[in-house]
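These protein sequences, in sequence, are chains G and F. With the first letter of the first sequence counted as 1, position 79 gets the number 78 in numbering that gives the first Met the number 0; the numbers rise by one all the way through. With the first letter of the second sequence counted as 1, position 111 gets the number 110 in numbering that gives the first Met the number 0; the numbers rise by one all the way through.
Accuracy of the hints is not assured; some may be wrong.
30 Å max Cα-Cα, derived BS3-like pairs, lysine-lysine [said to hold, decoys possible]:
1) K10(G) to K61(G)
2) K139(F) to K61(G)
3) K10(G) to K139(F)
It is worth saying that the hints were derived from the structure and are not from the lab. Everything numeric in this text was worked out from a predicted model, so none of it was measured.
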Amino acid sequence: MARVVVDVMLKPEILDPQGQAVANALPRLGVTSVSSVRIGRRIEIEFAGEPDLETAREIADKLLANPVIEDFHITVVEQPAAEVA
Amino acid sequence: MRIGVVTFPGSLDDGDAARAARIAGAEVVRLWHGDADLHGVDAVVLPGGFSYGDALRCGAIARFAPVMESLADAARGGLPVLGICNGFQILCEAHLLPGALTRNQHLHFRNRDQFLRVESTSTAWTNAFTAGQEILIPVKNGEGCFVADERTLDELEGEGRVVARYTHGNPNGSQRDIAAITNEAGNVVGIMPHPEHAVEALTGPSLDGLGFFTSVLRALAGAPAGGQLAGGQSR
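For reference, chain G alone in the conformation it holds in the complex (with noise of 0.2 Å):
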């Protein structure tokens, strides 16, 4: 079994006034050498059977990642067998 990562993130274009914010309380933390931080969002796919890779990139691009605003990246990552079961 594998499963797919899909990852969103907002375009470079696209202001992320949370990763701003984040940015912004580094300092707090003693923190001075980050230029930029930017918030995405990362969603696991199961497949009951092989990852079927295809209908993985149509969920992305019709759900998970508004293409007006979002990016998306797609990785499958192999499980290793302890986990499988």
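Based on these hints, arrange chain F on the given structure of chain G.
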């Protein structure tokens, strides 16, 4: 004239939208998200609220509700549709309107009475106003920041499809102060503030919201018999 008001799980303002339509003189038909039948209504309001708990993105799940499939077809055929707040978000997610509504730039939920300038009076929902008219209606959202690429924004401006703009302060960071837009045909309008909350002196800051509902009744009355606004919808 029969105006349908859709209720999704998590809709909040369906009751007020129905009341506003009734006060304007319409017969109201309550529509249910799980029912694909539009019951022959002459226009539809998608109300505000938090459909499906705003899961994933505001409006992203509602877009796939059975009622939305029929509504998308009818809207493309000319049926007047007004999306308010979450309804606007749903219309954008359904690609019936361009752009997207994102997190308010300042990250705060904004709830106040808001001045708008009505810029387009040729839509099905704004013909009762005069161009440039300032109106005061409540705004209440956390994700009302309208964004689109520059080309789309220029197109909206060039084609007179910016229906209303925020004045005396932009409550959410929307690009070019956009509060409401319309599709090319002018039958589908999305607005972030809430006209349905400004229809009675007792509860609203003004009666300015009523104009959206009287507009659609006027547009429908002027439409050719048996047809819809843009003439494409057959029932």
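(message) Of the numbered hints stated earlier in the document, which are not met by this structure?
(response) Result: no hint breaks.
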